[in-house]
Amino acid sequence: MTDATVGNNLSSEVTGDKAVIRVGVRLDALEAHELRTMIDVLLMNGTLHLMVDLSRTEFIDSAGLASLIRAMTVLNQRDGHIELIRPRSEDAWRVFRLTKFDEVFTIHDAAPVPKPGPRPVPGPRSGADEPAS
Amino acid sequence: MTSAPDLSSERQVAEPSERQVADPSERQVTGTDERRRRYQDRQPGDSGDPAVSRDEASQALRSMLSASGARAARVLFSGRLVTQFGDVTSEPPTGESRRDTLLCETWGPVDPDRLDAVTVLLSRTLDMSVVHDDLVTALVETQNQLLSLYAVSQIQASSTNRTDVEERLVHEVARLTRSEAVTLLADGEDKLWGSTRPAEWLHEAVTGQSWIPGGRAVHLRDERYNGIIWPLAGNYGEPAAIALARSETFRTTDFKLMGFLGGIIASARDTAFLYEDAVSRAGIEQEHQMASRLAQALLPSRPPVLEGCEVAERTIPALSAGGDFYTHSVIDDVLFFAVGDVAGKGLPAALVMTKVIAACAASFSRHPPERVDAIIGELCDELYPYLSEIGLFATILVGSYIPATGVLHLFNAGHSPTMIVLADRVQQIPPTMPPLGVLPEPIGSGRTIQLNNGDLLIAGSDGLTEQEDPAGLMFGYERFTREVSGMHSRPVSELSDRIFALVAEHGAGVSASDDQTLFVLRHGACEQPNRPAGIDPPLDGPADAFLTLPATHLGARDIGPWLGTLSKLKAFESTTFSRIELALHELCVNIVDHAYRGIEGEILIAAWLGDTEIRFEIRDHGVEFIEDTVIPPQPGVPQVRGYGLFLIEKLVDTIAYQRQPNENVWTLTIRLEPRHD
Numbered sequence: 016m017t018d019a020t021v022g023n024n025l026s027s028e029v030t031g032d033k034a035v036i037r038v039g040v041r042l043d044a045l046e047a048h049e050l051r052t053m054i055d056v057l058l059m060n061g062t063l064h065l066m067v068d069l070s071r072t073e074f075i076d077s078a079g080l081a082s083l084i085r086a087m088t089v090l091n092q093r094d095g096h097i098e099l100i101r102p103r104s105e106d107a108w109r110v111f112r113l114t115k116f117d118e119v120f121t122i123h124d125a126a127p128v129p130k131p132g133p134r135p136v137p138g139p140r141s142g143a144d145e146p147a148s
Numbered sequence: 235m236t237s238a239p240d241l242s243s244e245r246q247v248a249e250p251s252e253r254q255v256a257d258p259s260e261r262q263v264t265g266t267d268e269r270r271r272r273y274q275d276r277q278p279g280d281s282g283d284p285a286v287s288r289d290e291a292s293q294a295l296r297s298m299l300s301a302s303g304a305r306a307a308r309v310l311f312s313g314r315l316v317t318q319f320g321d322v323t324s325e326p327p328t329g330e331s332r333r334d335t336l337l338c339e340t341w342g343p344v345d346p347d348r349l350d351a352v353t354v355l356l357s358r359t360l361d362m363s364v365v366h367d368d369l370v371t372a373l374v375e376t377q378n379q380l381l382s383l384y385a386v387s388q389i390q391a392s393s394t395n396r397t398d399v400e401e402r403l404v405h406e407v408a409r410l411t412r413s414e415a416v417t418l419l420a421d422g423e424d425k426l427w428g429s430t431r432p433a434e435w436l437h438e439a440v441t442g443q444s445w446i447p448g449g450r451a452v453h454l455r456d457e458r459y460n461g462i463i464w465p466l467a468g469n470y471g472e473p474a475a476i477a478l479a480r481s482e483t484f485r486t487t488d489f490k491l492m493g494f495l496g497g498i499i500a501s502a503r504d505t506a507f508l509y510e511d512a513v514s515r516a517g518i519e520q521e522h523q524m525a526s527r528l529a530q531a532l533l534p535s536r537p538p539v540l541e542g543c544e545v546a547e548r549t550i551p552a553l554s555a556g557g558d559f560y561t562h563s564v565i566d567d568v569l570f571f572a573v574g575d576v577a578g579k580g581l582p583a584a585l586v587m588t589k590v591i592a593a594c595a596a597s598f599s600r601h602p603p604e605r606v607d608a609i610i611g612e613l614c615d616e617l618y619p620y621l622s623e624i625g626l627f628a629t630i631l632v633g634s635y636i637p638a639t640g641v642l643h644l645f646n647a648g649h650s651p652t653m654i655v656l657a658d659r660v661q662q663i664p665p666t667m668p669p670l671g672v673l674p675e676p677i678g679s680g681r682t683i684q685l686n687n688g689d690l691l692i693a694g695s696d697g698l699t700e701q702e703d704p705a706g707l708m709f710g711y712e713r714f715t716r717e718v719s720g721m722h723s724r725p726v727s728e729l730s731d732r733i734f735a736l737v738a739e740h741g742a743g744v745s746a747s748d749d750q751t752l753f754v755l756r757h758g759a760c761e762q763p764n765r766p767a768g769i770d771p772p773l774d775g776p777a778d779a780f781l782t783l784p785a786t787h788l789g790a791r792d793i794g795p796w797l798g799t800l801s802k803l804k805a806f807e808s809t810t811f812s813r814i815e816l817a818l819h820e821l822c823v824n825i826v827d828h829a830y831r832g833i834e835g836e837i838l839i840a841a842w843l844g845d846t847e848i849r850f851e852i853r854d855h856g857v858e859f860i861e862d863t864v865i866p867p868q869p870g871v872p873q874v875r876g877y878g879l880f881l882i883e884k885l886v887d888t889i890a891y892q893r894q895p896n897e898n899v900w901t902l903t904i905r906l907e908p909r910h911d
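Those sequence lines, one after another, are chains A and B. Sequential numbering of the first sequence, starting at 16, is according to the numbering used here. Sequential numbering of the second sequence, starting at 235, is according to the numbering used here.
Any given hint might turn out to be false.
To be verified - Some chain B residues judged to face chain A by a derived CB distance under 10 Å, without partners named: (1) THR782; (2) PRO784; (3) LEU788; (4) ALA790; (5) SER808; (6) SER812; (7) ARG813; (8) GLU820; (9) VAL823; (10) ASN824; (11) VAL826; (12) ASP827; (13) ARG831; (14) TYR877; (15) LEU879; (16) PHE880.
To be verified - So these bits of chain B aren't anywhere near chain A, every CB distance computed over 10 Å: (17) ARG409; (18) GLY611; (19) TYR618; (20) GLU815.
Hints in this document: simulated from the structure, not taken from any laboratory. Glycine included, each C-beta is placed from N, C-alpha and C at the ideal position.
Throw the hints in and build the complete structure from the sequences for me.
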């Protein structure tokens, strides 16, 4: 198992021919380029089953979407597959709905955001970035 | 003389005149071509007949006919002599046999049946030899043609890098001409190819040889090799020639082939030269554009905001940047401004413009509002030596304006059109001094004007009044005056939009010949007509907010924070916010990728925040957007490009694109959902 992190926003975890990529808060044109490079490297090293975790992503643009579509096309040709973890943010999810890619990708729901503690005041928004317990 | 063949006489008759190969090994190599050539060159009455049959036929005849008892014999093929031996002239033949066009004559006691048999055999051999030669010739020619065509296609396909092209050419020439060494004589060197010994020979042979560019071939020859220098008739670059060497003599067909190849080489080199030239020009052009954009960035990106007045400033450069400029400073509630035009356009004018703007900024801060003459004097002192040295001049209108009192001081050095729109008439402000750079000392004087509410100062550039229509008719000073005369009290942006639109309409189909610039100042608050409640404001006043961002993917990240500040001016729902953010983001990324294509630039966004809708105007100076090049995606069908515009259309309520001179203008509107209380 190898881990790699590109910038502060993108990280990957590889086990055999399976890989998980965790995408940061923003997947825009700038970040899409990094993601594409990361996916290329993974595919070159034999990844066939890719899980892209978008759960904490709040902004996705068409370039970000294109990098996922590209990965899907390549993996389909190699009898591999790609699955996504749905962004919790409705704003980020809108891009998938508008382009109907919500019906094309295999999509898993994100783990629920950890509930705020017993205190009545909800925690800071960054709580969404913590893994579900 | 009996059965012993007379070799010398036979040879005399049967040999082609040119050369009989003495060296058997060399003959092996060139045999096929020898035969082909002899067959091709065969003329009626020629002694040379199909070479393959001559020796063999002679041999066969000799042995067969001698064995049959012939003293002498002669064989004619189509009336031409193939071979003979013995004495065939002193008496008529004693026997003969025909087979098609083959005639066999014998002297001496020969059995007629045997003679017939020999004739049939000989005839077949000759027939086969003709067929064989035909085939060989056809095959060789076809192959040569194919190879030539292949070479041509390769050269054409790779004609971008000259060195590469030349290398390939040299190889193809060597192959096609069966040369043992080839070199391209160009740029004072030779690009040698071939085996060591012939290559060394060729190098030595061409050194010091003179040849005339595009002239005749030069022959080089000694006992070892034959060579040619074939000058090329190219139009670009240094004169060049191709030199070849081989042991075999060069023949007519080789020269024809070289004529063909030489033409191709010359044209391929020309293509490569033109390409190199185009590339270097494009590089220079790009640098020019970047430098011009930098100069253009010196212009204020937004008009000054002052209580009690309204200002609009706008320029559209004819090339990537021009000499038109405007600048302003607000010092102690006084607006100092200058509008001008440096003669010429493009980078040189833009560079002068930057110097004029810098001089203005310094001068504004040193003088009270009523001393515009002192400002002009200072600009004159500072810029005259510079401008006169490079032979350029600059028109300029310098002014100061006090919004609180409506007092306007102007000094016009050669700038037009300059006018004031009063409630009942238009007052021209003619220059009182020639442009900067013409005279070393200022002359004339400034003037002071008291503005009333709604009065407008308008300073345009000649790019507006001199814009031609397709028939060559100018927009004109009079029309300009007429169009602005009815605009008293109107919002400055309305006037500015109207003038630019009218000029663009007038010049539709004609490229802008010069920069177009307009500076408009209105004294007093605008009298906005009351609108019935619930009707959208026309959103044509000044924009509520502006954003200038660098045309990069990183720059597009400024949009979100800017919208954040906008939402303080106008509260809108978070889904609306994110729709707008994504739409603007997609548009800007598209502009970065497709309009600027990696060239530095800026994107300007203006926002109008209405009660029921928000409008954004996005401007860039990149290349024109052409809709046909966008492949519209099918929802859900994987496609890597083309989602940007598709998404924008889904996110906003209206989207419009307009190409203005040197500028792309996108307009997006988003209706605000009725908010729940």
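Evaluated hints:
1. For B:THR782, the shortest C-beta to C-beta distance to chain A is roughly 19 Å, which exceeds 10 Å, and the interface hint is violated.
2. Residue-level restraint check for B:PRO784 is violated (minimum Cβ-Cβ distance to chain A is 13 Å; threshold 10 Å).
3. With its C-beta approaching chain A no nearer than about 6 Å, B:LEU788 sits inside the 10 Å limit, and its interface hint holds.
4. Checking B:ALA790 against chain A: minimum C-beta separation of about 7 Å stays under 10 Å; hint holds.
5. For B:SER808, the interface hint holds, the least distance from its beta-carbon to any beta-carbon of chain A being 8 Å, beneath 10 Å.
6. Of the supplied interface hints, the one on B:SER812 holds, with its beta-carbon coming within about 4 Å of a beta-carbon of chain A, less than 10 Å.
7. About 8 Å separates the beta-carbon of B:ARG813 from the nearest beta-carbon of chain A, less than 10 Å, and the hint is met.
8. Residue-level restraint check for B:GLU820 holds (minimum Cβ-Cβ distance to chain A is 6 Å; threshold 10 Å).
9. Given hint, B:VAL823 at the interface with chain A, holds; its Cβ is 5 Å from that chain's nearest Cβ, closer than 10 Å.
10. Of the supplied interface hints, the one on B:ASN824 holds, with its beta-carbon coming within about 9 Å of a beta-carbon of chain A, less than 10 Å.
11. The closest approach between the C-beta of B:VAL826 and any C-beta of chain A is roughly 8 Å, which is under the 10 Å cut-off, so the hint is satisfied.
12. Annotation: B:ASP827 was flagged as interfacial toward chain A, and the flag holds, the nearest CB pair being 8 Å apart, inside 10 Å.
13. Taking 10 Å as the C-beta contact cut-off toward chain A, the hint placing B:ARG831 at the interface is violated, the least distance being around 14 Å.
14. Using the Cβ-Cβ criterion of 10 Å, the hint placing B:TYR877 at the interface with chain A is satisfied: the shortest such distance is roughly 4 Å.
15. The closest approach between the C-beta of B:LEU879 and any C-beta of chain A is roughly 9 Å, which is under the 10 Å cut-off, so the hint is satisfied.
16. Hint on B:PHE880 holds. Least Cβ distance to chain A is approximately 7 Å, under the 10 Å limit.
17. With a least beta-carbon separation of about 39 Å from chain A, B:ARG409 lies farther than 10 Å from that chain, consistent with its non-interface assignment.
18. Residue placement check: B:GLY611 keeps its beta carbon more than 10 Å from all beta carbons of chain A (closest about 51 Å).
19. At roughly 49 Å, the least C-beta separation between B:TYR618 and chain A is larger than 10 Å, which holds for a residue marked as non-interface.
20. The beta carbon of B:GLU815 sits about 8 Å from the closest Cβ of chain A, which is not more than 10 Å, so the claim that it is off the interface is violated.
The structure fails hints 1, 2, 13 and 20 (numbered hints given earlier, in ascending order).
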